[in-house]
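Novice: Sequences and hints are given; from them, build the entire structure.
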Amino acid sequence: MRAKVSIEAEGLAAEIEKELARDVTASVREGTETLKGLLRGATERAFKGNRLPKAWRGKVYPQGQDSVDAAGYVAVRGSAAAIIETALKATIIRAGGGRWLAIPTEAAGKFGLKRGANGMGATVNKRGARERITPGGFERRTGMKLRFQYEGGKKGGRRAFLIADQAMLGPGRVARPYRSKGRGSRLYGPAGQSFVAFILVPQITTQKRMDLDTLAEQAGSKTAGLIVTHRSR
Numbered sequence: 002m003r004a005k006v007s008i009e010a011e012g013l014a015a016e017i018e019k020e021l022a023r024d025v026t027a028s029v030r031e032g033t034e035t036l037k038g039l040l041r042g043a044t045e046r047a048f049k050g051n052r053l054p055k056a057w058r059g060k061v062y063p064q065g066q067d068s069v070d071a072a073g074y075v076a077v078r079g080s081a082a083a084i085i086e087t088a089l090k091a092t093i094i095r096a097g098g099g100r101w102l103a104i105p106t107e108a109a110g111k112f113g114l115k116r117g118a119n120g121m122g123a124t125v126n127k128r129g130a131r132e133r134i135t136p137g138g139f140e141r142r143t144g145m146k147l148r149f150q151y152e153g154g155k156k157g158g159r160r161a162f163l164i165a166d167q168a169m170l171g172p173g174r175v176a177r178p179y180r181s182k183g184r185g186s187r188l189y190g191p192a193g194q195s196f197v198a199f200i201l202v203p204q205i206t207t208q209k210r211m212d213l214d215t216l217a218e219q220a221g222s223k224t225a226g227l228i229v230t231h232r233s234r
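Note that the working numbering has the sequence shown beginning at 2, numbered continuously upward.
Just so you know, these hints were derived from the structure itself, not from any lab. Errors might be hidden in some of the hints.
[To be verified] List time: in silico DSS-like cross-link candidates among lysine-lysine, alpha-carbon distance up to 30 Å: (1) 37 with 55; (2) 209 with 60; (3) 182 with 37; (4) 55 with 90; (5) 19 with 60; (6) 49 with 146; (7) 60 with 111; (8) 37 with 223; (9) 90 with 37; (10) 60 with 37; (11) 90 with 209; (12) 182 with 111; (13) 55 with 146; (14) 115 with 49; (15) 182 with 209; (16) 111 with 55; (17) 90 with 111; (18) 37 with 111; (19) 182 with 90; (20) 60 with 90; (21) 49 with 111; (22) 49 with 37.
[Claimed, not checked] Per label pair, the in silico range of CB-to-CB distance: (23) 219 with 149: 45 to 51 Å; (24) 86 with 203: 20 to 26 Å; (25) 178 with 58: 50 to 56 Å; (26) 95 with 184: 42 to 48 Å; (27) 95 with 18: 53 to 59 Å; (28) 181 with 58: 51 to 57 Å; (29) 214 with 79: 18 to 24 Å; (30) 66 with 229: 21 to 27 Å.
All figures in this text were calculated on a predicted structure; none of them were measured in a lab. All residues carry an ideal CB built from backbone N, CA and C; glycine is no exception.
Specialist: This is the structure in structure tokens:
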């Protein structure tokens, strides 16, 4: 007497492949999100801001379906890519034409008025009126004329300052024109004080602040582990 057991191999293989495609795609999707999170975190630490990190975008292919060949990538494009690239290696940034690079201090603030915005009742909170802080933007925002003061640096280096005179510190310790009346005016004497708004240097050297290979390896290792986890469920 014999008992015969047969299996529809073709149907079984299709079902196994379907499950594998689902698990691989789910793992790749999670791994892509992990890599995006790592890159955004590293970018935020490197540039001290919360807007630039959001430029990283992730996608998983093929879109809208599972596949054993699923792949994900995280990328950044345009001007954001050029900015982030400066953190990937040590870079020397030089001012052109013998000019200076202006490094803002806390007293300068974060934003200034664009050229042509002053004289129209514009403020840095008005749409389209503000720009990232520059010496010109500072002067337009405050109405104060910055004073240039040269100072030689160590080992023959050059350094100078742009100083706001007759000033006082407002909210956020940002320089503004001195007012003899009002809260805190007595702290700044009868005519205000001088504050360094910008430090001027001919060049700066930025250090490497991000390592994409290390972050990719971390995400890749986690993705491989996720596939095993999904398959064992």
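Novice: If a hint holds in the structure, say so; if it does not, say that too.
Specialist: Against the structure, the hints:
Of the supplied pair hints, the one linking residue 37 and residue 55 holds, its CA atoms being roughly 9 Å apart against a limit of 30 Å. Restraint check for residue 209 and residue 60: the C-alpha separation of about 27 Å stays at or below 30 Å, so the hint holds. This hinted pair does not check out: residue 182 and residue 37 have alpha carbons roughly 51 Å apart, beyond 30 Å. Among the hinted pairs, residue 55 with residue 90 is consistent with the structure: their alpha-carbon atoms are about 21 Å apart, no more than 30 Å.
Between residue 19 and residue 60 the CA atoms are separated by roughly 21 Å; this keeps the pair inside 30 Å, and the hint holds. Only pairs whose Cα atoms come within 30 Å are accepted, and residue 49 paired with residue 146 is accepted, the gap being roughly 29 Å. Taking the CA atoms of residue 60 and residue 111, the gap is about 34 Å. The hint is violated against a cut of 30 Å. Only pairs whose Cα atoms come within 30 Å are accepted, and residue 37 paired with residue 223 is accepted, the gap being roughly 13 Å.
Proposed proximity of residue 90 and residue 37 is supported: the alpha carbons are some 20 Å apart, at most 30 Å. Among the hinted pairs, residue 60 with residue 37 is consistent with the structure: their alpha-carbon atoms are about 10 Å apart, no more than 30 Å. Taken as a hint, the residue 90 and residue 209 pair is honoured in the structure, with Cα atoms around 4 Å apart against an allowance of 30 Å. With a C-alpha separation of about 26 Å, the suggested pairing of residue 182 with residue 111 holds against the 30 Å cut-off.
At roughly 36 Å between alpha-carbon atoms, residue 55 and residue 146 are farther apart than 30 Å, so this suggested pair is violated. The hinted pair formed by residue 115 and residue 49 meets the criterion: a straight-line CA distance of about 23 Å does not exceed 30 Å. Between residue 182 and residue 209 the CA atoms are separated by roughly 48 Å; this puts the pair beyond 30 Å, and the hint is violated. A C-alpha spacing of about 20 Å is found between residue 111 and residue 55, which places the hinted pair at or below 30 Å, so the restraint holds.
Between residue 90 and residue 111 the CA atoms are separated by roughly 26 Å; this keeps the pair inside 30 Å, and the hint holds. A distance of roughly 28 Å separates the Cα atoms of residue 37 and residue 111; the hinted pair therefore holds under the 30 Å criterion. A C-alpha spacing of about 50 Å is found between residue 182 and residue 90, which places the hinted pair above 30 Å, so the restraint is violated. Restraint check for residue 60 and residue 90: satisfied, since their Cα atoms lie roughly 26 Å apart, inside the 30 Å limit.
For the given pair, residue 49 sits about 13 Å from residue 111 by alpha-carbon distance, which is consistent with the 30 Å threshold. Between the alpha carbons of residue 49 and residue 37 the distance comes to roughly 17 Å, so the proposed pair stays at or under 30 Å and holds. Between residue 219 and residue 149 the beta carbons are some 48 Å apart, a value that agrees with the proposed interval 45 to 51 Å. Between residue 86 and residue 203 the beta carbons are some 22 Å apart, a value that agrees with the proposed interval 20 to 26 Å.
For residue 178 and residue 58, the Cβ-Cβ distance of about 43 Å falls outside the hinted range of 50 to 56 Å, so the restraint is violated. Judged by the Cβ atoms, the range 42 to 48 Å given for residue 95 and residue 184 holds: they are separated by roughly 44 Å. The hinted range of 53 to 59 Å is satisfied by residue 95 and residue 18, whose Cβ atoms lie roughly 57 Å apart. Range check, residue 181 to residue 58: Cβ separation about 53 Å, and the 51 to 57 Å hint holds.
Evaluation of the 18 to 24 Å hint for residue 214 and residue 79 yields a pass: the beta carbon distance comes to about 23 Å. Under the hint 21 to 27 Å, the C-beta atoms of residue 66 and residue 229, about 22 Å apart, fit the expected range.
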